[in-house]
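Taken in order, these protein sequences are the chains called A and B.
Under my numbering, the residues of the first sequence are numbered 1 to 254, in order.
Under my numbering, the residues of the second sequence are numbered 255 to 494, in order.
What the hints contain is simulated information worked out from the structure, not anything from laboratory work.
Quick reminder that beta carbons are idealized off the backbone N, C-alpha and C, glycines included.
Possibly wrong hints are sitting among the right ones.
Interface residues of chain A toward chain B, partial, derived using beta-carbon atoms under 8 Å [claimed, not checked]:
#1 A73
#2 T95
#3 Y99
#4 L105
#5 Q107
#6 K195
#7 E245
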Amino acid sequence: MSQPIAGDFLSLLATRQVPALKVDANAAPAQTQATTVFAFHFKDGVLMAGDRRATAGNVIVTDRIDKVIEIDATSILAIAGVPATAFEMARVMQTSFEYYRRSQLQQLSLPAKVRALARLLRENLPLTMQGVGVVMPLFAGLDQSKTPAEPKIYFYDPLGAQFQAVGYAASGSGSGTIRSVISFQERYGNPPPSKLDLKQAVQFTSRVLMTASEFDAATGGVNPETKTFATIKILDAKGVRTLGEQEQIKYLQS
Amino acid sequence: MTEEPYRWLEAIGNRREYVREQLKGGSPAFAVKMKDGILTLGVGSGQSKVFELFDRHALAALGHPADIEKIRQAAIDAAHMEAFTRAPEDVSLRRLISFGLSPQLKTNFEQIFSAPFLIEMLLVELGATPETDIVVRLHFDGAFQISTTPVAVAAAEPEREKAAQDWLNEKLAGSPDRKSVVERCLEAWWRLIEGKEFSEEPPADWKNSLKDKVVEIGWLDRNIARQARYTPLTAAEAGL
């Protein structure tokens, strides 16, 4: 630890012989972490998916968490990081977007939705800096200023900077693998992810998650035998749609 | 004016008369409980009569647009506050009306030196089954009744409102489709507006009176998977 500078608060503590606080990372409670979500453009719109595993250290807490959340009829949030904070962000967004739409009788614009999430991340800065509340979400929303409406993908850093993804975005501990695979497929695949139809996109999603789970213990895979599937939501010009287990089974078996 | 009790009673009576007079000629609103959801309908000149309040709640009203807007905002605020502090499932029409809107309207109505609310309204809550649907008729003075029939009407004159409601409940008995429900409600609207008896058959060209109007239809869908069940329908989507 660096020496206190004369006159600063730490030097005052030293003169009074009060021991300065030391952060002991091991003393912090084990955090539940949620990992590996991604989104990519395919032929019909945007597919956003996530595995369903939550871990705390080396412990698997559950394999049934939903990390891809419908915020309203035209936007989806995928959470990676500490779920306690991330779910609360989702709840704030759901309430405020719907409140705005109902009270003002018009949809909140996509830029406003994107910034609303950035603001929540910035407000979470103290917890982020302490390392106990880091959230790195993905957001997909419908740009209704275009005709037909265009789905767009955004990713964020933990301080709230927002970036629009051209083809795809991924977040969480398995995101390195996911990004590599999608990037490879986009360059050399035939067809590339952006040209896949829905059936192919669902098959691709499940395979990518299976691959990520082989390299990352915190990523749950897809296993039809144990009825473990990804959470998949589609955003197209008509809005958000959830692909349930039965629909995923249909596409995976065909 | 209020220093003697009878003067207060007189003032309240005058106020009631004034509100009823102001509401005369207001375009009626309708709510119909159906197998697949609840339909709300109003005929106006834009987005001014039928509104979404919350996930499973809607409002249809007649009266002064500014007053409808105040009540609508109050209901939306209360519903979203409840949903955020507790859960969306905890938002209930009974609580919203009994503890929120009705006392506010009553207090406003009895404050004789302030402007009264010029409104008559229907509020609806979609249940899991048609039996658990709730339709409430809320009046300008805060009085309210929970409807026990499939069709509820809000109109300016109580006798005509009752006649329309009875007629619609008779005509829409069974399980009518959405198109028939909308057509019958519009027919009832025409009779109410034109002051025609419900025993009379309308002329062939009665729909002409809808030409310069906007038919507003709200549909709370029981079978949709989404949290927000409300969809505004165009006349074409309603089958007209």
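Structure-based check of all given hints:
no. : hint : verdict
1   : A73  : holds, 7 Å
2   : T95  : holds, 5 Å
3   : Y99  : holds, 5 Å
4   : L105 : holds, 6 Å
5   : Q107 : violated, 12 Å
6   : K195 : violated, 29 Å
7   : E245 : violated, 14 Å
Hints 5, 6, 7 from the earlier list are contradicted by this structure; the remaining hints agree with it.
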